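Chains as they are written, first to last, in this note's numbering: chain W, 5 to 299; chain R, 5 to 299.
Please keep in mind that the hints were generated in silico from the structure rather than gathered at the bench. Do not take every clue at face value.
[As the list claims (entries may be wrong)] Keeping only pairs whose Cα atoms sit at most 30 Å apart, straight-line, the calculated BS3-like set for lysine-lysine is:
#1 W:K31 x R:K136
#2 W:K121 x R:K6
#3 R:K228 x R:K285
#4 W:K133 x R:K19
Keep in mind that this is a model prediction, so the values were computed, not measured.
2 protein chains.
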Amino acid sequence: MKEKEFIKIISNTLKSEYIGDDCAYLKDLGIVISQDNLVEDVHFSMKFTDAYKLGYKSAMVNISDIAASGAEPKYLTIGLSLPHNIGNEFVENFYKGLKAASDQITIVGGDLTGSDKIFISITAIGLVKDRKISSRKNAKLGYKVIVSGQHGASAAGLKDLFEGKQNKFTDVHLMPEAQVNFSSSISQNINTDYAMMDTSDGLMDALLQIAEASNVMLDVDFEKIPYDKDLEKYPNYKDLILYGGEDYQLVACVPKDFEVKNSYEIGKVIEGHGVQINGEKILNAETKLYNHFKE
Amino acid sequence: MKEKEFIKIISNTLKSEYIGDDCAYLKDLGIVISQDNLVEDVHFSMKFTDAYKLGYKSAMVNISDIAASGAEPKYLTIGLSLPHNIGNEFVENFYKGLKAASDQITIVGGDLTGSDKIFISITAIGLVKDRKISSRKNAKLGYKVIVSGQHGASAAGLKDLFEGKQNKFTDVHLMPEAQVNFSSSISQNINTDYAMMDTSDGLMDALLQIAEASNVMLDVDFEKIPYDKDLEKYPNYKDLILYGGEDYQLVACVPKDFEVKNSYEIGKVIEGHGVQINGEKILNAETKLYNHFKE
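Whole structure, please, built from the sequences with the hints as guidance.
Set out below in structure tokens:
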């Protein structure tokens, strides 16, 4: 709740056209830019991860933002603040992880300071050249709703990490993969406006944001959402799939006849407001969505 | 000490040509980019500042990095992590301060998350168009060493803040001004290579870095360094001037006959290694330089 309130205050104070999207599209430079903060014990815990995996995920989180815009991920800068007791191996392994995640991307600088807890802020730049940039405002009536892959695994993995387990779901949580191929297969080939977001804050959050920004309803069939059948062992597995975040898949609304390889059609854009799953309108989603400012 | 060690590890791991400078120059995009982290109780304390001044300084610190490159400061992204008890006024005043500091600059996005302490990471983008970009490697024999203004005031101000005082020095510490006019008067008019840095970590640190990167000696007359004469009341005022950081002035090495309005010539580039003040070579500067990882 407070996060949305703060963003409203920021919008009112800055009166900038750019505030509100994950990436800002700087047309004069032909780039998109995004920045993400990752804070120890808020976004990750060193009890569950290690320096290499943390570096890997930190890069992927930001590459995913660029992928969501349709741009080509190109440069990263890394602002890293570390407690005094951090050793050389941490720094080496963190940067090895960063590098492993950012194969086609160049890390061009950043900052290194002290702090009490590990604090990571990464800025990513993507190139627009020959690509069409998405906007969450661009879901149009008759478009289909597609996703790049499975949901729910990361949230299940986080649950399992808290219980001391290690399995395929914890792997997804600790080392997600940004969906750059799905992104470019749309942005390099489409010639109409389209909407796209990553599902870092959950599939439902992305669906709701697109619906709100585009002033439409997204009509989704739960059965069409791809997920790992082993999730059904979890008592609340439908919530994990719809509301669990950090899968870093992409969800897009594109024209019905526009084909996207390796995509899953989960619904369509219809008249109305919000999201309905199997015909039932989603209300009070706020209480289930992940929100950093909620205790 | 540890910071330099970490940077060496990062350089070895990434093998990127961009690591080591404050700004990375992305020639394909015609921009420079820099990122700075500001951590509560490491770089600032809410005992001494307020949200507006903190926003103002956070922007200036990053604008100063761009100014040091010679580029035109153009865009900022703001990664802000805040404790749960922070109220709406903090956010509003912080962004008012940011905006006041960045008159010609557009804030284009960022991130907002929770954290234990206030954590700010700002990325700044500068335009290269029609300007010559500096490099700390470009101090050449026979060049003069010039600065944009007074040194020592900010460090004196920090001292005074700890003693509960408020005066012109504390003002300089809390609300520094990036030297964008000094920067552009060089970068828009010069047609040879030149060196420039800001003095965020102290005048001596900048001099030593330029000398080392350029493989020359900088021969400086202490008497020519401009400073507020009221600094002489402080017992160690020469150290404040040479080693005290956060004045956010610029120091540059430019050809002897290149005139820069409102600049102060403090020395010249000669053969040798390092820095000498009034003919005396500076040794063991490390112990006096500001270093986040030193307790």
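How the hints compare with the structure:
1. As the CA atoms of K31 of chain W and K136 of chain R are separated by approximately 23 Å, the hinted pair is consistent with the 30 Å bound.
2. Proximity of K121 of chain W to K6 of chain R is assessed by CA-CA distance (about 17 Å); at most 30 Å being required, the pair is judged to hold.
3. Of the pairs offered as hints, the one joining K228 of chain R and K285 of chain R holds, with about 17 Å between alpha carbons and a cut-off of 30 Å not exceeded.
4. In summary, the hint linking K133 of chain W to K19 of chain R is supported, as the alpha carbons are separated by about 27 Å, within the 30 Å threshold.
In summary, the structure agrees with every hint in the numbered list given earlier.
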